[in-house]
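Let chain W serve as the given structure and place chains D and P on it in line with the hints.
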Amino acid sequence: MNMNKIPNEYHIKKQNLIRKLLMDRSQPGKIGAHTPESDVPKQQQLPSQYLRDELPLPEVSENEIVRYFSQLSQFNFSIDHNFYPLGSCAMKYNPKINDEIASLPGLSEIHPLQPEESVQGALKIIFELQGFLAEITGLHSTSLAPMAGAEAELAGMLITRSFHQNNGDNHKTKILITDSAHGTNPASAVMAGFDVISIPSDQNGNTDLEALRSAINDDLAGLMITQPSTLGLFDTNIIEICKTVKDAGGVLYGDGANLNALLGRIKPGDLGFDIFHSNLHKTFTQPHGGGGPGAGAIMVSEKFSQYLPSPIVRHSANIQSENNYSLTSPENSIGKMGGFHGNFGALVRAYSYIKTLGKQGINQISLDAVINANYIKSHLQEYYDLPIKRTCMHEVVFSASNFKKLNGIKAIDIAKRLIDYGIHPPTMYFPLIIDEALMIEPTETESKETLDYFISTMIQIAGEAKANPDILRNAPHNTPNSRLDEALAARKPNLRWKKK
Amino acid sequence: MDTKKFISRYTPNTSIQKNEMLKKIPGVTTVEDLFADLPSNLINPQLNLPNALSELELKNEILATSNLNDTPGEFSSFLGAGSYRQFIPSIVRQITSRSEFMTSYTPYQPEISQGTLQAHYEFQSMICQLTNMEIANSGMYDGASSMAEAALMSARITKKKRIAVLKTVSPSCIDVLKTFLEATEIEIDLINNSTSLNPDTACIILQQPSFLGNLEDLERFSNLAKKNDSLLVVSVDPISLGIIKPPGDYGADIVVGEGQSLGISTTFGGPYVGIFACKEKFIRQMPGRIVGQTLDTEGKTGYVLTMQTREQHIRREKATSNICTSVGLIALGTTVYLAALGKSGLKQIANLCYEKAHYAANMIDSIPGYTVVNNGLFFREFVIKCPIPPKEVNLLLIKNKIIGGLDISSDVENGMLICFTEMNSKKEIDNLIDSLKNIQAT
Amino acid sequence: MSKEQEMYYSDEHEWVLMETDTTALIGITKFASDNLGDIVFIELPESRSAVTQFEQFGEIESVKAVTELYSPVSGNITHINESAVQNPEILSDSPYEEGWLIKVELKDKSELENLMDLQGYESFLESGKD
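So the sequence lines, in the order shown, correspond to chains W, D and P. For what it's worth, the working numbering labels the leading residue of the first sequence as 438, then goes sequentially. For what it's worth, the working numbering labels the leading residue of the second sequence as -12, then goes sequentially. For what it's worth, the working numbering labels the leading residue of the third sequence as 24, then goes sequentially.
Check each hint, because a few of them may be wrong.
Stated by the list, open to error - Simulated restraints on C-beta separations:
1) Ser766(W) to Thr171(D): 17 to 25 Å
2) Ser766(W) to Glu112(P): 47 to 55 Å
3) Glu66(P) to Pro637(W): 25 to 33 Å
4) Lys10(D) to Ile676(W): 52 to 60 Å
5) Leu454(W) to Asp187(D): 51 to 59 Å
6) Glu35(P) to Asp889(W): 48 to 56 Å
None of these hints come from the bench; they were simulated from the model. Note that the Cβ used here is the ideal one computed from N, Cα and C, for glycine as well.
The shape of chain W in the complex, shown without the other chains (with noise of 0.2 Å):
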């Protein structure tokens, strides 16, 4: 006898109960926390026309509200829980240590704007991640103020700014960016002030080397590129690349997101970039929190070291004196890019995981990275198209046009029917460069059991693409919701919980 099913309506009751917003459940008088009574006299109140007629936050008491968000929770996805082969985002493990250290009350209480003396423990840590990453990426100096990948790359693009300008060039205003960039690079450039202009990549999945020389002029302030590309492969023409650019008079930018690929085997900076930036969240660890927070980190060699935003962390010579560290700003820095020091949360935790590798772990992450992805690209190239066929670095691009061609599935659909298998879908549809992309990026810290099963699941679903196609476009089955209407909910925005 099939004891399972409850009937069709308590699936809807539930679900309702469990996600009833806070303001609908709220009753007048119930408490969600205590506090305690004033301690010091009374005092003369502002006068009324100051004062707000009421405040119209929910009433839930405090279990209410754990048992709430903790049904939420389990609506999600997350990598402790799963899988998430997600091109160009580092889904790696989140080490449990650096949350430990992270909520210790000597670097979790102490307060941005306390004299430097009372805080040199914080100061360096600033100071050694700072060293730690220059390291790392082979370059002169590092920021850690801006609070996200895409903080740093408008930092490096006012430091491109900020150096022509110096140099008496305000005629340089195109910054080139390839075909295959992040979103975050041009949006970041013309942010700067700057114009851009799109480079192709040629059929190797390189830079175009040609197109390159040709969109050279005289107003050319730099490159941004990601290396190695969003196409999972290392840009063989980069030598060339950095030679034609920084002969032109341009400043080579890198963006991190891919460092993963990198680490210890090889620095940008001898590559020949100017300026590098790292997701601190991707390549180190910061857990990705539901969309943030994450911090930025931007390394430049030493010509822009005076550019760098502000602050950064000095560390005196004088041995006597225990007051080494200090928060100063770069003689020509672009200046502050948030209230504080940036996020010292999360470089805490990048700290924590540099320490905990040491140069020994370090070394090795790209190697089991790289590893796992050529693994799964190594399977996987018989039942899905492979745009470029080459060895891939930590991710690989596969392209669903195969499918699409066949009876119309969509790289969409494949991903939608990865999630009942517990997985995360890959990256889709990026880079633009590729129809119908599956970017797909397992990390080091992936396990064989994990990869063959992913394998065997995306072999899986190839076959149900084309013997039961509906099967993935009404996916997913098991989820909480099923796909849901994004273009109603752009139609007829809904942001906020409003009186019935």
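Frame of chain W, contents of chains D and P only:
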């Protein structure tokens, strides 16, 4: 620890397993073969990093490092100026530490991110309710960058080229504004109360309460903005909104501010959460991620990221902002905080801050040699003029395990900006007063 | 002759249908609306605004993309299709009829010579498929 044969505890595959895997990769015998594309003269450089550490060694080392810091809690702290030590209910950290929230990704796949998406919808709702604004996004990096984005947005909407910023806005926010506007054609006019506005002004930006703690006359600035066809941008202290009239009541066009005081530790300056709310008609110009409610194919309510066509991953160089990774987990913490404190709790917290600050102000003003400089109304921060430079005052206070207020002597002679929250007991405050009494000009 | 056969087409996938000798309706082709997918928002200028041939006059937003609208003719806008603005789905359902966007009083009828006829447009679409 034997670091010669280092095995990472984060990479599960053994050498044997990796060799098996390599055999399945055609054309490759060793792992080095996989790096054949890299320039051979540059490969495998020296990495001058410290040796790996076991968890035990690491903890000891970093604990010692953190002990170099003077930590509020062990010390009383009276520092504010944009970052505040507030009571954080225990459930905030419990919920934000859940791995389902902490280790999940940006909710681009809504079917497996309903936890994050619904939580952010709640965040947007409560920010709107707190500020009395029509719509809000799910958070920006921090208050300062929110303000900068509001300036850029105002310029886009009005097509005007100047922004007016009150001189009483936080200096670090003004610095960040300058950084973000540097490469644009937008000019910043720093104004005071009595200045009239340039007609080409896209927006007026002010902070409520001001950096030095005073309550600004929002009515007046709202009228000034309207008359000039400029937008009104107000940066809030969200705790103050527990009792004071929200900017929405004055017709503000955009509200920004630092959300850190709503359930987030001071964390030496970040990560925080930037509040961003505005009028509904500006929806297409609002930067950042926005969560919207919708229906799925079965007619059930669910949530998605919406209005994505404004964002960088679609619009690229025409995006409203380059923001990508934002502050997901921090916004969640703030959501739980606002839910827990709720209607009555936030008001009580605000009242506690107000009462303690005013108690302290009266006491400090009575100390010979000290004057409270604020001549208007203030919320929970105010400026005191000290008998000796505040830097020296603070050096002496720290001997009594007190972290004093912010040295603002560059703006106000011997001025210190001091802050009081519900975390400062009467005993702590009285201790501060006694200590100040003993710090006099010689 | 069907409506589409009477129309003129630009290489930005807009169509022009002469209503009278001097006024025309303007919209986007089925190719464009199919490519955009679910259309969620249309931004049009105000009535009485001027438009110039091949210059941007508005935007169409779908869930995944935003496309500029380029006017296929020059002139003054006399009417905006408010129904389409309120219910952008109309463009997917009926791009050539109910989904018209603006009505324009033509400045210079000879500009139509810069556009394609249906056959020309269909060839243009074919050649783009390679």
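Does the Cβ-Cβ separation between Ser766(W) and Glu112(P) fall within 47 to 55 Å?
holds, 54 Å
Evaluate the given range 25 to 33 Å for the C-beta pair formed by Glu66(P) and Pro637(W).
holds, 30 Å
The hint says 51 to 59 Å between Leu454(W) and Asp187(D); measuring C-beta to C-beta, is that right?
holds, 55 Å
Within 17 to 25 Å or not, the Cβ separation of Ser766(W) and Thr171(D)?
holds, 22 Å
Just to be sure I understand the hint, the distance between the Cβ atoms of Lys10(D) and Ile676(W) should be within 52 to 60 Å; is that true here?
violated, 32 Å
Taking 48 to 56 Å as the hint, is the beta-carbon distance of Glu35(P) and Asp889(W) inside that range?
This hint holds: roughly 49 Å between Cβ atoms.
The structure fails to meet hint 4 from the earlier list, while all remaining hints are met.
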